[in-house]
Amino acid sequence: MASLLSRFCRKLALPGSAHGSRMTSTTACGSETVKSLNLYSAINQALHIALETDPRSYVFGEDVGFGGVFRCTTGLAERFGKNRVFNTPLCEQGIVGFGIGLAAMGNRAVVEIQVADYIYPAFDQIVNEAAKFRYRSGNQFNCGGLTIRAPYGAVGHGGHYHSQSPEAFFCHVPGIKVVIPRSPREAKGLLLSSIRDPNPVVFFEPKWLYRQAVEEVPEHDYMIPLSQAEIIREGSDITLVGWGAQLTVMEQACLDAEKEGISCELIDLKTLLPWDKETVEASVKKTGRLLISHEAPITGGFGAEISATILERCFLKLEAPVSRVCGLDTPFPLVFEPFYMPTKNKASSSSSLSSPSKTHIF
Amino acid sequence: MAQHLKSSSKSILLNILRHNIGFSSPSHASRHLRHNLPHGPLTTRLSPNPITRYCNTMVDTLSSIGSHEDTNSQVMDFPGGKVAFTPEIHFISESNEERVPCYRVLDDNGQQLTNSQFVPVSKEIAVKMYSDMVTLQMMDNIFYEAQRQGRLSFYATAFGEEAINIASAAALSPDDVIFPQYREPGVLLWRGFTLQEFANQCFGNKSDYGKGRQMPVHYGSNKLNYFTVSATIATQLPNAVGAAYSLKMDEKDACAVTFFGDGGSSEGDFHAALNFAAVMEAPVLFICRNNGWAISTPTSDQFRSDGVVVKGRAYGIRSIRVDGNDALAMYSAVHEAREMAIREHRPILIEALTYRVGHHSTSDDSTRYRSADEIEWWNKARNPLSRFRTWVESNGWWSDEAESDLRSKIKKEMLEAIRVAEKTEKPNLNHMFSDVYDVPPLNLREQELLVRQAIKSHPQDYPSDVPL
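Protein chains in written order, with this note's numbering: chain A, 938 to 1299; chain B, 46 to 513.
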């Protein structure tokens, strides 16, 4: 599985890389050295660059001092000092609240929530303070320098509290941005963009890919734009939309579908709020079918927003109902994880992707 | 030199708590205070009866841990440091025998107490302080009435808390950043926010710096270093700690100051903020306006500790309890606290005891849960304005004439401010969509077009005083 993922990520990287031509997602230019990095190393590199390029930037959260439980903050405290990279008490509302205060004074605060499942104590600070800081003050104040990083998603054995995908809660909050990278190279560029974006950003990192995904990552300072979706695989029969680790699953569904002669267009949304409706709309108007897939529970998941929007905009072009292949409406189970997850076969069997005789309802 | 709360220095500590203005470091305080600090002996209570100790009816203070010479003076290392052993089973009492005393300079009638220590205040500052307290009170009165007349949608007064508002502001520098709750407009007033600017925000007109987005009294001013009010309780506390850390890192001669009420001290953000402030060694002042009420909830339903001041120690924070209706005491306490915070990079907790004379807001009628007599008593007997006025006049710095001149001037200014604010048009519709992000994203640009179409189709659904 790991090697499959490695191959896949390098495969994913191709469309987005400098010589990948049709994509405009990279700002890399000239000669660039690349290095084979996994996701946590790519994120680590982004953090090093962020702290290096702005002396008024800070990284903090639980256990970040020694490198973090997922090693994303390795070497930062040694290099930039404990005044800029430090452990905080175990208190998410304090971490985010403190980060808002730092950002409000013009600093960049890159805070880490140890696992997205624990972000909820900070929800009030994020929704009522960070998201509204600029608006309520009439633009006298802002906390745009705030970036909240959190590992999210299934990991194989995480159960209720190490597997959640809470992105939908945050997509409902005007004033913040929600960004989810699919691979090491994407993560570095998107994280640097998020840190430097003048708005507070919640950045969910697919923890499944921290070690599993390996990719050639340019060593220099580069940014990938927010709110721009990327077509990572072109096709003509059906559009598939996803983000984060789920794209690796969807890519496999595409490969299987192609054996049946179905040409799939796969889109990485990257930024969920504000999301790039135009790219998805143009694609669906071309293909006539849409399948959305995410790990988070199907009811009220972000797939519902995409589905409703595309229905409004592309109704007359649609040849089939929009499919959503998602996690189930249960707390994330341990033993039952394989049954819960939106697998490639569930995607393949869904009404949009399969021929009528093989249709299942997922 | 910082005083750490080791058990060995508890005797010094107890003295200081009882005899001076309450901070645990005499060397700092004495530089500014008129009188030297007395030190007295401490009587240690040793219980001779093991059974009594087991029942814990005697020993009341935290500082008595490890104080008994009859225990083996063995010590053990744990993560976090050495602790002494005791073979006696002994629970720290849930409260001290005596409540933490309250620092004051003036008595109820505004007479300076004979042995009081305080930071001297010049005539200019004292007169400005008193004038601003009067202005605040009159502003509150007139806006409150305007709401009753239907000219304002909402208002919240700070009656009874004028000394907290003005005296704390007076003791700070303009570079100190303020994170208010919502009952501290006096800090803005002190710093130069005009009555017109207050009125503009209350009426949500196009001159409101907040661009008409929030309810009245949700003021903010980046020019005056006063972060915009948000109605959520205590959320500003951890924000203030982050801001304080920034000031420390930038080596500014400034601190962060945040206000909250007795109710706010129950919120999780209070605990998060105090703990962070102590660990991060952030120069932040936590000023609690303990005014006895959180809407209809009295403090007896809010906490069972000796108020808020005792919670500071739990987080390793130096704390003081002050008479919030005594302008000189507030001034001195905040002045001293600020110095310590900036010089020593530490947070300070100030509990200002006061009384919320007014209703919680114009949406509240507090006679439904407390007696009108109680309100009246506090308004008369402990009025911060009359107490301070007595002191100011005793120095020959104020008079009845000055008072009536001031009051008529403010009344005129207030009525004019309201007249102008009411007449001024509202902010343009496009300000509904600006500032959600730094630049409006596509979905907001689309929604603005949709709203404008809707207005064209059904103009009667929309207020006509919002320019398009």
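Don't take each hint at face value.
Unchecked claim - Okay, derived cross-link-like pairs now, DSS-like style, lysine-lysine, Cα gap no bigger than 27 Å in a straight line: (1) Lys471(B) to Lys425(B); (2) Lys1019(A) to Lys127(B); (3) Lys501(B) to Lys1019(A); (4) Lys173(B) to Lys457(B); (5) Lys251(B) to Lys127(B).
Quick caveat, the hints were computed from the structure, so don't treat them as lab data.
Bear in mind that the values here come from a model prediction, so they are computed numbers and not experimental data.
Now the hints, each set against the structure:
Using a Cα cut-off of 27 Å, the hinted pair Lys471(B) and Lys425(B) is violated, with the two alpha carbons roughly 40 Å apart. Taking the CA atoms of Lys1019(A) and Lys127(B), the gap is near 25 Å; set against the 27 Å cutoff, the hint holds. A threshold of 27 Å between alpha carbons decides the hint, and for Lys501(B) with Lys1019(A) the separation of about 58 Å lies outside it, so the pair is violated. Between Lys173(B) and Lys457(B) the CA atoms are separated by roughly 19 Å; this keeps the pair inside 27 Å, and the hint holds.
Taking the CA atoms of Lys251(B) and Lys127(B), the gap is near 61 Å; set against the 27 Å cutoff, the hint is violated.
The structure is inconsistent with the numbered hints 1, 3, 5, although it conforms to all the rest.
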